[in-house]
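Student: Below, each chain spelled out in residue letters.
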Amino acid sequence: MIYNNIIHIKRDVLYRTIKSIVTKDFATLNKIPYEIAPRDSENKRCCIHKDRAVLKYRVMAALGHSVEDEKDELMQLSDYGFKTMGSTKFDNRNLTVIHDACRSCKLGSHYISDVCAGCVARPCTSICPKGAIKVRDGRAKIDTNLCTNCGKCTDVCSYKAIVKVPVPCEISCPVNALKKNDLGIATIDSEICINCGKCIKTCPFGAIAEKSQIVYVLNELREKKTINALIAPSIAGQFPGTINQIRETILTLGYSNVVDVAEFAALVAQEEAEEYLHKKTDILTSSCCPAFIECVKKHAHGVEPYVSKTLSPMAMAGKDLKEKNPQCINVFIGPCLAKKSEAYKSEYIDYVISFEELGAHVMAMDIDVLQFESMGKYDKIGYGFASSGGVLKGVTQNLRDNGVWINGEKIDGIDKKQVSQFKVFNKLKKPYEFLEVMACEGGCINGPGVIVNPVISKKELDKIKS
Amino acid sequence: MIKIEICCGTNCYIMGSCELVTMNFNKNKGVELVGSTCLGLCKDSVKRPPYVRINNKVYSEVTPEKLQQIVLEVTNDL
Chain A
0 MIYNNIIHIK RDVLYRTIKS IVTKDFATLN KIPYEIAPRD SENKRCCIHK DRAVLKYRVM
60 AALGHSVEDE KDELMQLSDY GFKTMGSTKF DNRNLTVIHD ACRSCKLGSH YISDVCAGCV
120 ARPCTSICPK GAIKVRDGRA KIDTNLCTNC GKCTDVCSYK AIVKVPVPCE ISCPVNALKK
180 NDLGIATIDS EICINCGKCI KTCPFGAIAE KSQIVYVLNE LREKKTINAL IAPSIAGQFP
240 GTINQIRETI LTLGYSNVVD VAEFAALVAQ EEAEEYLHKK TDILTSSCCP AFIECVKKHA
300 HGVEPYVSKT LSPMAMAGKD LKEKNPQCIN VFIGPCLAKK SEAYKSEYID YVISFEELGA
360 HVMAMDIDVL QFESMGKYDK IGYGFASSGG VLKGVTQNLR DNGVWINGEK IDGIDKKQVS
420 QFKVFNKLKK PYEFLEVMAC EGGCINGPGV IVNPVISKKE LDKIKS
Chain B
67 MIKIEICCGT NCYIMGSCEL VTMNFNKNKG VELVGSTCLG LCKDSVKRPP YVRINNKVYS
127 EVTPEKLQQI VLEVTNDL
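Keeping their order, the protein sequence lines are chains A and B.
Per this note's numbering, the first sequence starts with residue 0, numbered consecutively.
Per this note's numbering, the second sequence starts with residue 67, numbered consecutively.
It is worth saying that the hints were derived from the structure and are not from the lab.
For clarity, every value in this text was computed on a predicted model and none was experimentally measured.
Positions of the beta carbon are idealized from the N, C-alpha and C atoms, including for glycine.
Among the clues, some could well be false.
Pairs of lysine-lysine residues, derived as DSSO-like cross-links and limited to a Cα-Cα distance of at most 27 Å, are as follows [what the hints assert, rightly or not]:
#1 LYS416(A) / LYS159(A)
#2 LYS392(A) / LYS428(A)
#3 LYS422(A) / LYS308(A)
#4 LYS9(A) / LYS105(A)
#5 LYS200(A) / LYS132(B)
#6 LYS297(A) / LYS426(A)
#7 LYS69(B) / LYS458(A)
#8 LYS140(A) / LYS159(A)
#9 LYS30(A) / LYS113(B)
#10 LYS132(B) / LYS9(A)
#11 LYS178(A) / LYS200(A)
#12 LYS392(A) / LYS457(A)
#13 LYS200(A) / LYS43(A)
#14 LYS321(A) / LYS308(A)
#15 LYS109(B) / LYS30(A)
#16 LYS278(A) / LYS429(A)
#17 LYS296(A) / LYS422(A)
#18 LYS178(A) / LYS43(A)
#19 LYS30(A) / LYS18(A)
#20 LYS159(A) / LYS133(A)
#21 LYS23(A) / LYS113(B)
#22 LYS23(A) / LYS109(B)
#23 LYS178(A) / LYS163(A)
#24 LYS278(A) / LYS422(A)
#25 LYS132(B) / LYS43(A)
#26 LYS18(A) / LYS109(B)
#27 LYS113(B) / LYS9(A)
#28 LYS132(B) / LYS458(A)
#29 LYS179(A) / LYS296(A)
#30 LYS43(A) / LYS113(B)
#31 LYS113(B) / LYS18(A)
#32 LYS113(B) / LYS49(A)
#33 LYS49(A) / LYS132(B)
#34 LYS132(B) / LYS457(A)
#35 LYS109(B) / LYS9(A)
#36 LYS279(A) / LYS297(A)
#37 LYS415(A) / LYS200(A)
Partial list, derived from the structure: chain B residues whose beta carbon lies under 10 Å from chain A [as the list claims (entries may be wrong)]:
#38 THR76
#39 GLU85
#40 GLY101
Work the whole structure out from these sequences, hints included.
Tutor: Given below as structure tokens:
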């Protein structure tokens, strides 16, 4: 994910929201849109008022509310803040569409660009089955009322002047969960959605926001219960400083314990290797990526028998902690959106927050990560799980120790094409025995909740592994 | 050699300096990019992170695009 304005605004909103909550100054919540977009600032949309309107909804999502649930437009952000503080219940809709931010891009429309030379041959006019293209003023034009978006014209133009205007969110969604309503505004069908979060990364208008659970966590932190922070292996490199410095920082925030999920990732690799040796099917797939699991459950039942029954590292860590102390509260801190859905259905994990949300919390408490001791004891194994190929490597290594050599394959990123392949999985040739699937290209370090460019975190990760 | 100090304090890092430190200025001779520990500019300033300091001059809310421009300006003054 490349740093851009949307990410900047998103983090600014989270930071200010958390600051208002920790200082218990709820009235300042109402000021956030005006602080981020003050009177003389440059407007990013049509006018500053629209910027502020969208920012209001962003704060609403950061407070843990679905924008779709808004009944009273005059309800203030401070009221939403009180509402969240007063409850511990949230639902499993993790994505929300900010309708005011959606540009309502038209589905599959075609457009003739300035490159058109108004040539003599005019193949576009003759190939169009609906006669929708006419040349006027030396340039071809499409009559949108007649055009059916068949796309034949795009191939025949020698200048490649005709382009299909993409709808970023719909293209990015691997399972077609994004639909347009009558006004052309995106809506998400939560029955279909697998919570991969690709739409958040893709929408250049930032119209799709992630509902945060951070306020619930802040609430719990205030009550001084036993709260465990379960940190995902991909945390390496997300902050300036070492893993030990990050652990110290999290403890300073008020968590009682920091647990490395990487440790349990190593256990998962062992258990999956064990499972492989006793499997009844010809192949086995990994089960760590919750977006993949949801994709299988909702869209590709044919893959289900092959999926490993081993718990994910997160669930395994949560189970271990709950067995030791049933009263404890487990907060998973990771880069993943789909983990929210996994945790919602699991009894072992109570809350999930992203690295961005953790980062915003650290910012709000004004803690410098680099002030802590950099060296410390932690296990290096299991960190490989954070990047693509890591699970595969872990499992094959374990099997090799048992004297079994296997062919492994990895699927690095799920897209529309990949999902259609999952649907006919039984008929596919499978020249491998173990399959690792990760929904995000590059693995967890490229998840929707990461802070830094995966290029940097990959380097940091390699340092730890070596 | 002009030293470009990019603040890598937590605030600046999260608000975008994590992206700035990856930038490559080898082509512009005489410019050195340094990731610095917290410059302390966020503590009492009304401006916004990330901060970059060049020759005691402070730039705020620096984006990769803005940094390109700043580097061009600085090298032109040489």
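Student: Each hint needs a verdict: does it hold in this structure or not?
Tutor: Verification of the supplied hints:
1. LYS416(A) / LYS159(A): The hint holds at about 25 Å.
2. LYS392(A) / LYS428(A): 22 Å, holds
3. LYS422(A) / LYS308(A): 20 Å, holds
4. LYS9(A) / LYS105(A): Judged against 27 Å, a Cα distance of about 25 Å means the pair holds.
5. LYS200(A) / LYS132(B): It holds: about 23 Å lies between the C-alpha atoms, which stays within 27 Å.
6. LYS297(A) / LYS426(A): 19 Å, holds
7. LYS69(B) / LYS458(A): With a Cα-Cα distance of about 24 Å, the restraint between LYS69(B) and LYS458(A) holds, given a limit of 27 Å.
8. LYS140(A) / LYS159(A): Measuring from Cα to Cα gives roughly 14 Å; hence the hint holds.
9. LYS30(A) / LYS113(B): 17 Å, holds
10. LYS132(B) / LYS9(A): At roughly 20 Å apart (the allowed maximum being 27 Å), LYS9(A) and LYS132(B) satisfy the hint.
11. LYS178(A) / LYS200(A): Cα-Cα ~17 Å, so holds.
12. LYS392(A) / LYS457(A): Holds: LYS392(A) and LYS457(A) sit about 16 Å apart, inside 27 Å.
13. LYS200(A) / LYS43(A): Distance of about 18 Å is within 27 Å: holds.
14. LYS321(A) / LYS308(A): 20 Å, holds
15. LYS109(B) / LYS30(A): With a Cα-Cα distance of about 21 Å, the restraint between LYS109(B) and LYS30(A) holds, given a limit of 27 Å.
16. LYS278(A) / LYS429(A): 16 Å, holds
17. LYS296(A) / LYS422(A): 11 Å, holds
18. LYS178(A) / LYS43(A): 25 Å, holds
19. LYS30(A) / LYS18(A): 12 Å, holds
20. LYS159(A) / LYS133(A): 17 Å, holds
21. LYS23(A) / LYS113(B): The given pair, whose Cα atoms are some 24 Å apart, holds under the 27 Å limit.
22. LYS23(A) / LYS109(B): 21 Å, holds
23. LYS178(A) / LYS163(A): 18 Å, holds
24. LYS278(A) / LYS422(A): Holds - the C-alpha atoms of LYS422(A) and LYS278(A) are around 22 Å apart, at most 27 Å.
25. LYS132(B) / LYS43(A): Cα-Cα ~17 Å, so holds.
26. LYS18(A) / LYS109(B): 15 Å, holds
27. LYS113(B) / LYS9(A): 18 Å, holds
28. LYS132(B) / LYS458(A): 26 Å, holds
29. LYS179(A) / LYS296(A): 24 Å, holds
30. LYS43(A) / LYS113(B): 19 Å, holds
31. LYS113(B) / LYS18(A): Within the cut-off at roughly 17 Å; holds.
32. LYS113(B) / LYS49(A): Holds, at about 23 Å.
33. LYS49(A) / LYS132(B): Judged against 27 Å, a Cα distance of about 25 Å means the pair holds.
34. LYS132(B) / LYS457(A): 26 Å, holds
35. LYS109(B) / LYS9(A): 21 Å, holds
36. LYS279(A) / LYS297(A): Between LYS279(A) and LYS297(A) the Cα gap is close to 23 Å, so the pair holds against 27 Å.
37. LYS415(A) / LYS200(A): Distance ~16 Å between LYS415(A) and LYS200(A) Cα, so the pair holds.
38. THR76: Nearest chain A Cβ about 5 Å off; hint holds.
39. GLU85: 4 Å, holds
40. GLY101: 8 Å, holds
Violated hints are absent here; each numbered hint is respected by the structure.
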